[in-house]
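Novice: With the hints as extra help, turn the sequences into a complete structure.
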Amino acid sequence: MEPIIEVKNLGKKYNINHQQGRYISLRDVLMNALKSPFSFLKAKAKQVTGFQSREDYWALKDLNFSVNKGEVIGIIGRNGAGKSTLLKIISQITPPTTGEIKIHGTVGSLLEVGTGFHPELTGRENIMLNGAILGMTKREIVKKFDQIVEFAGIEKFLDTPVKYYSSGMYVRLAFSVAAHMEPDILIVDEVLAVGDTEFQKKCLGKMDEISKKEGRTILFVSHNMGVIQNLCKKSILLEKGEFKMFDDTDKVIHHYLNKGEHANAITDFSVDNSKDAQISRVTILDKDEKPSARIPVSERFFIKTDISVFKPLTKTMVSLAFFDQGEILLLASPSDKTMDVGNLEVGDYSVTAEIPPFTFNTGLFLYNVNIHRPMIMTFDHKLNLGIEIIDDKNNPRSLIYGGNSIGRMALLFDFRIQKNEK
Amino acid sequence: MSTKVTVIRPKKLFHLSDLKELWQYKELLYFFTWRDLKVRYKQTMIGIAWAIFQPLITMVVFTVFFGSLAKVPSDGIPYPIFVFTGLLFWQFFSTALSETSNCLIANQAIITKVYFPRLILPLSSVLTKLVDFFIAAIILAVMMIFYGFAPQPSSIIVIPLVLIISFMASVGFGLILASINVKYRDVRYALPFFIQMLLFITPVIYPASIAGKYSYLLALNPMTGAIQSARAALLGTAPINWELIGISFVACLVLLFVGIYIFKKVERYFADIV
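Protein chains in written order, with our numbering: chain D, 34 to 455; chain F, 163 to 436.
I should point out that these hints are in silico values taken from the structure, not numbers from a laboratory.
If a hint is listed, it holds; no wrong ones were tucked in.
When the alpha-carbon atoms are kept at most 30 Å apart in a straight line, the in silico DSS-like pairs for lysine-lysine are as follows:
#1 K200(F) - K189(D)
#2 K75(D) - K427(F)
#3 K345(F) - K46(D)
#4 K182(F) - K46(D)
#5 K284(D) - K320(D)
#6 K75(D) - K345(F)
If you anchor each label on the Cβ, the simulated ranges turn out as follows:
#7 P36(D) - R430(F): 20 to 30 Å
#8 K188(F) - F71(D): 46 to 56 Å
#9 K266(D) - L353(F): 45 to 55 Å
#10 Y378(F) - F71(D): 37 to 47 Å
#11 A271(F) - K266(D): 31 to 41 Å
#12 K188(F) - D89(D): 37 to 47 Å
#13 P152(D) - Y423(F): 29 to 39 Å
#14 P36(D) - S179(F): 17 to 27 Å
#15 A271(F) - K189(D): 19 to 29 Å
#16 S316(F) - S200(D): 57 to 67 Å
#17 I409(F) - P36(D): 47 to 57 Å
#18 F71(D) - P313(F): 56 to 66 Å
Output of the computed footprint for chain F on chain D, the stretches with three or more beta carbons under 8 Å from beta carbons of chain F:
#19 121-128
#20 134-142
#21 160-174
All residues carry an ideal CB built from backbone N, CA and C; glycine is no exception.
Specialist: Set out below in structure tokens:
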């Protein structure tokens with residue numbers, strides 16, 4: 034099959050100077066030049082002759098891949114891995130430094146929901162304007178006009194300036210315009226992070242429709258692994274600007290979550306008996322006690338800590354503390370019933386904690402493991418280990434919120450309703 | 163099936179295909195211009211009348227203070243029509259210049275999200291001002307009838323030439339300023355001051371002849387040639403100085419190309435630094 038996107042040796046270099054000194058003021062430059070003319074001239078001379086040591090930073094390096102028509106490709110990577118830069122180059126917002134991309138067809142992107150909307154203009158006028166900005170011809174917009182209005186559900190307010198719209202109406206209209214363009218390649222960057230849940234659901238539904246029914250090519254960036262898994266057959270993994278993997282989504286996600294810095298199924302630590310007790314390995318086990326860094330929200334899991342004790346310890350225990358990514362302590366376990374404060378002889382131990390189903394909501398969590406004598410001393414601790422809790426079909430919340438975690442804990446409550454008779 | 167093939171490479175400075183691309187995006191140019199006009203006339207209470215009101219009031223104030231009180235010479239024609247002819251072209255130039263130099267920053271939300279040839283933005287700024295120009299030109303026509311001036315036959319050539327010169331001057335100069343503006347954000351605060359200063363070294367409120375033997379110094383300013391020629395053609399103040407028009411034309415053409423060159427250079431990293 035003919036590839037629709039061919040990427041060859043693509044690289045993008047940012048100059049750190051450019052990045053930091055974003056808004057330089059001419060006043061400062063002139064003041065510097067006047068205050069210390071010699072050092073200014075020296076710096077200029079260095080710049081001109083190329084002796085200045087410039088800090089370059091490659092946001093993307095040596096990317097090579099091609100995408101076939103009709104494929105839905107997920108792009109996975111941590112913050113700063115270069116995902117957005119790649120999309121920006123493909124949509125021609127910023128040029129590459131090296132290499133080239135060959136694109137057969139038109140590119141449209143959903144990263145600009147509502148771009149160019151003007152509050153003073155009416156809904157009708159904004160549809161025309163926004164459509165044109167997104168690259169539709171006037172004829173296309175006129176043809177699709179009724180569909181756009183109907184999808185957004187704003188018939189009554191068509192001639193009202195959008196500044197009087199509720200935020201929901203505004204987003205619906207904006208998305209509706211974007212969703213009705215017909216590019217050969219659609220680029221989607223984290224749209225799901227904005228808007229209300231209903232909008233997110235609608236957005237996902239439309240994407241599904243576009244890819245499955247119309248056979249269009251989609252490049253999709255998200256941090257939400259559940260969504261990527263649902264929509265994309267194949268995925269690209271980027272790591273610090275470098276191309277790591279391009280394979281079936283399941284494999285890529287597995288690799289990403291298990292080999293990355295954060296969510297690791299097994300983390301080994303070197304042991305050098307410099308302390309009285311040391312943690313040698315921390316393992317996350319799924320419900321079948323197999324190592325895995327991705328745990329479905331509806332299943333229990335285990336965290337097994339291997340420790341080596343080099344001196345007899347009294348009143349010592351292993352405990353866990355969970356944090357969300359904002360480093361708020363969610364839960365600490367120093368008084369767990371299964372691991373009493375106890376006396377430990379010299380030797381190797383495994384301590385396994387069972388975490389019940391529906392404890393943590395979907396997303397990435399960090400946890401600390403501690404071997405300590407409570408309130409007295411810590412023998413060893415490992416900080417910021419990662420675990421990813423993923424959505425699954427048994428999660429009653431996902432039916433309502435479409436796979437998005439609202440709140441960080443997932444404990445289910447029982448509600449009873451009864452009518453009070455007088 | 164024939165599909166458009168796009169090749170994305172490290173940007174070259176200027177390419178002929180840029181012009182072709184600009185043509186392909188002419189609809190967007192139209193929409194941007196339409197947006198700016200619509201929004202402006204919606205926001206101001208008196209709407210489209212503003213385009214007439216502004217030059218008219220300026221003309222009245224200038225006539226009272228410079229014409230009647232200060233007795234500034236006006237090449238032997240009534241001062242109101244003398245100053246209005248100058249103002250008409252001056253305001254086109256100065257408003258287009260300030261709009262153009264702000265166009266990148268004003269539209270940065272769009273620039274960082276969607277691709278289109280960036281040159282469309284300054285072009286649409288100038289087109290918007292051109293519409294204002296034509297509206298204000300109606301007043302000039304009324305005044306010419308009132309004062310009994312008939313345009314010279316050469317106006318058919320001279321007036322479009324003068325418009326093109328003003329256009330090239332404002333776009334060329336504006337593109338340079340727009341590029342500087344992206345990097346040095348304090349420039350735009352100084353700009354209104356410089357535009358005001360420019361007004362005084364351009365023969366808008368006085369004739370170039372006032373400078374006597376130094377009037378050639380004024381000719382360094384391309385808008386001098388433009389305004390002088392417009393007066394000569396419309397009001398018959400002097401024989402048309404084709405040489406002056408030629409010099410202004412070439413100077414502005416160079417300015418335009420320098421502007422495009424600098425703009426193109428900045429365009430490459432523009433989305434990275436806004």
